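Peer 1: Read off the chains here:
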Amino acid sequence: MGRLSNNCKEARAPLANVFISCVPSLLFLGLILSLYHVPLPWTFVLPWVPSLNVDLDVYIDGLSAQFLLLITGIGSLVFFYARGYLAGHPKAKRLFILLVLFLFAMIGAVVSDNLLVLFVFWELTSVLSFLLVGFNHEDVGSRKSAQQAILVTGVGGLFLLAGFILLGEIAGTYSIQAFLHSPSVLINDSRLGVVLVLIFVGAFTKSAQFPFHFWLPNAMAAPTPVSAYLHSATMVKLGIYLLARLDTAFSDIIFWEYALVGTGTLTAVFAAVQTVYERDLKRILAWSTIATLGTLVMLVGLPGHGAALATVALFFAHALYKAPLFFVAGNLDHGAGTREIDKLTGMRHYMPWTATAALVAALSMAGLPLTFGFVAKDAISFAKAQAEVLHLVSYATVFVNVVSVAVAAIAAIHIFWGHDTIPRKSHPHEAPASMIIPPLMLVLCGIVFGLAPTLIDPLLGAAAKAMSPEFDATTVNMAYDLAPVIEVTLGTIALGLLVYLRWDWLHERLSRITFLEKVGPEGWYLAIMDTLPVIAARLTRIVQHGILPRYLMTMLVTVAVLLLVLLTAADPPWLWPPSTNLGVPVASASLLIIVGGLAACFVRDHLVLLLVGGLVGFGSAVLFMFTGAPDLALTQFFVETVFVVVVATVLVKLRRLKIRDRQVPLEPLIRPLDLFVAMAFSLIVVVLTLLVSALPFDAQLTDFYATRSLAEAHGRNVVNLILVDFRALDTLGEISVLFFSLIAVLPLLKRIGDKRP
Amino acid sequence: MILPVAPLLVPLGTSLLCTLTSNSVQLQRKISLLGSLLLLGTAIVLGVQVADHQSISLASGSWPLPFGIEVVVDRLGALLVFVAALMVLICTLWQMGDVDPAHSSFFYPLLHGLVAGSCAAFIAADLFNLYVWFEVALICSLGLLAQGGTLKHLDATLKYFALNLVGTLLLLTAVALLYGATGHLNFNALAMSVQYVNPAIMQAVTGLLILAFLVKAAAFPFFAWLPASYHTLPAPSLALFSALLSKIGICALIRTLSSIFHPSPEPLLSMLGIIAVLSMIVGVLGAAYHWDLRRILAFHSISQVGYMLLAMALSTRAGDAAAIFFALHHSLVKAGLFLCAAMIFKLSGHYDLRKVGGLYAEKPGLAAIFLLLALSLVGIPPFSGFWGKYLIVRECLVQGEYLWAFLALLVGALTFYSMMKIWLEAFWKPHPSAGWQAAKIVKPIPVTTGLCLLSVIILAIGLFPEPLIGFVNDAANHLRGHAP
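As you go down the protein sequences, you meet chains U and G in turn. Heads up: the first sequence is residues 5 to 761, going by this note's numbering. Heads up: the second sequence is residues 20 to 503, going by this note's numbering.
So that you can see chain U by itself, here it is in the shape it has in the complex (with noise of 0.2 Å):
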């Protein structure tokens, strides 16, 4: 019977995920239908947390729509092709799950106007980026990237939400569109530089911008799916989605521009040299992604309408381009076993489908004409000539484009052309088709959308127009006509492919210099998180020694500094009680206790101990009986009477039956430092109770118990009736507590009984 029911559970598995790959295939299909029909922006109001201005406000502008449509469309290639990557995988289920999960994060997040919601969704794509980068698990190094993928964005998300906060508060108000209408409120503020700064660290860890980028090409232990959807199309944009969101309201801050177009252009410059030293093609994919991440904060810093073109237009020539990459580098792991570039050549006579995807997606990315990759770099060209950069971005520009032309020359031509000349165990083979038409149609796409930017310049002119109100629809097409483009682009390529030609040679002379992994942001991670467990083992062992004594040492010399400080900061009237004549009897009875308690300090003996401590309990009798309290005095006497003496013969019947059989070793009665505390410990409290001692006493509450006792309550002894009457709630606790030790000892006592031969 289990047998059988485990054969339908996997029959059922397979169908299950069909159903769940469709889920974005749907999607999109309903959101080109509603994109056709109803008008942007598209708004919405549901409210969530109304105490706290927290309400889910979607707001849907050419902005989110092309979030939507990148996220849907490519969401449905990559659920196609994971239903091949992953086909017979027993954990298949987790991953669309946890994939289906991640999608509906990635549109909450583009669509919300609270900035508090979208940080909600923000933190869970990160957290679901984590379960996905560490699917396989088992694996020591998926952990690891796993783990430091979270900390990285997890922390930047901690920043993020302080700079929201801080914003919020500024602002009074959450909403994204409400500031962008009236920026003056946040511009005037002087808490903006620390907002901006906040922000930014949010938004570059999740863009893996420089120095924060280092967990993205550790990221790719991920399945190939996943690093195609989150760490190349999806999530890793989300913080260049933030900053094109709010540049609006910032533009005009020069410190916003610097910062942006800095970070960006360092960050493109750092990734394109990193490149050089991979040989895994993943991880080659993974550097030219931060390249373009950082292009695409460039391009967000700079201003003026052409940026804004240019940045809309980048991301959608991205995702076109460097989505079949990665698929096409999970099928030649699928294929041929490996995606070391050393190792792979010649594979188009195995993989021809792979291989013509990978030709096309490369043109797109070299930026060849009549590609969409040709028409993103046009309108960088116009943008860069429209907002007047620097020299040196243009260079560094420059140098990344050369750069992204020879990956492009890796990924299409040394690994599909030539002769396979590596000895293998087994010969390559194509990918099922599942794996072969996603990218297919990826490329198809950049293809189509570069012959006709027409088609979908609606949708950049919209999205465009979220990031720059001014823009209007003609910019497109000037930035389509730029003809010196041409020359800059040919000689970008032939730059590229000499850089193809030479990269062994480049990978060799870069690979000796190895400063950068020590003294580079992954080695600050890495100190870091060596270093965080020593600390956490020397405090640990510092607070939490295990040994009573300075424990309790602790607690008191903490007490009395602290008591000290509170008394001396506010300089308390310093006066003596009020002096009364004491007289011989209090005066013997203080000198009782004083007896008793130096006495408890120089006994060893326990049954002498219990004596001398019953001395303070006598001492403190007399002192009542002579200050005006006989019933006090007389519950004392009793009370210290019974004590003594029921202590006294459970401590000699414990000594007959000669349980203590472990010698303590003796310690020296007087230890200075102890005696010290102590003193001053007790100097403090006593200094404490002299000093609310000479404060006048309310006798409020004395004199009624003196007066209603006999009339109400109907007895003499005030004690008494304090005890059973007025105060009655306190006995029943104080019976509870006996009752509650006597059963709480009752088992140890019969351990004891047991253990007695």
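Please note: incorrect hints may appear among the correct ones.
Said to hold, decoys possible - Straight line, CA to CA, 16 Å or less: simulated EDC-like cross-link-like pairs of lysine to aspartate or glutamate: (1) G/Lys448 with U/Glu142; (2) U/Lys347 with U/Asp508; (3) U/Lys95 with G/Glu381.
Read the hints as simulated data drawn from the structure, not as lab findings. Here the structure is a predicted model, which is why all the values come from computation and not from measurement.
Position chain G against the provided structure of chain U, taking the given hints into account.
Peer 2: Structure of chain G alone, referenced to chain U:
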């Protein structure tokens, strides 16, 4: 009406009945279950009552106030009583499926005794009465700690007792001094009369009182009793301990700071803030250091108590509300995590992370629940902890305490780090021995019910926080009365 004292009488009665039936565990269990359900019902009725009226109170013996002892159930009290009822119910449910052989027949009486003491402390409106219920809770928790009976347990019990006794003595001294300075014990009467006492002396006396409560709340550097004892308990009892014990101190602190000594003197608040921050940091680093699940979670408690203290140190209505929200969230989440630890122990036979593994593949349901609870503890949206952290960080930023906000977020990151350690080791890492198979749980339903119940509540708070946030805001407003 006797309703206000019901949170005390119901568990006390249950405890007595369980003592009388100490020769039959079956009967004890039934009584315990009934008692827990009755307490839960009481808590709900009280919650509805205080949502309608501000608070309901009772003066013992019908003596006029402030001469009799007053018991007041307000929103804070009702909320905490609800948590206590829920925890004792879950603990009882767990015991139905999984009997710890070390338990004596006095386990149930002590369990309900602890609940009685805690609940009474949550609703006490009289300083000395509060002290008495502290003692009841203390003695019952001692009894529960000593149940194991081995040397390790007794060592833990001794440390727990000695260190808590210092707190108790400090509390008693503070109560006596306060009485000497004002002549009152009733909270309202105290609040009225402290204003006429010399502020310098009052500051020191209040400081002593707060320090005593801080011992009970396990704040730095008074927390040693908590990690010294928690790791010896079986995890289900721990769920109850962590939900109740430090909360008694927290509840008392909220009450004293917001409704007795307001406006609280500035040096006192700075002191509290520093203690809060140190608790947060030391606690989380301790958690990062340890490998025993129970120790990790125990140290997290110290760190999380720090968050509550930080919110209180802000000394505003929003700060109080944040502290109450956080206390509630922490009780539920930490209890859930301890139950997860208990499940891990049942499945793998160890609490030590180095000796467990492979649970993500074996038990995806447990993994999902743990993930939910862990993310909630860390404060990842949309789980309950996020709102707690958000409320605290926002109030810090509003009050201009940027450093505190920064530290709260930093400690959040460290919390994440140490929770991830559990996830990586217990769930993702393959089990150290190759042929390992998870132990079968004999009676899964009672054992898992509690865990599922907690998860559902935590998820509900995370997804629909509005009612609870409204409730704690009202609670904080009521505590501060008309004061700013």
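Peer 1: Can you confirm whether the C-alpha distance between G/Lys448 and U/Glu142 stays at or below 16 Å?
Peer 2: holds (6 Å)
Peer 1: Checking one constraint from the list: CA of U/Lys347 to CA of U/Asp508, max 16 Å. Satisfied?
Peer 2: Holds, because 13 Å separates the two Cα atoms, which is no more than 16 Å.
Peer 1: Straight-line Cα separation of U/Lys95 and G/Glu381 no greater than 16 Å?
Peer 2: Holds - the C-alpha atoms of G/Glu381 and U/Lys95 are around 12 Å apart, at most 16 Å.
Violated hints are absent here; each numbered hint is respected by the structure.
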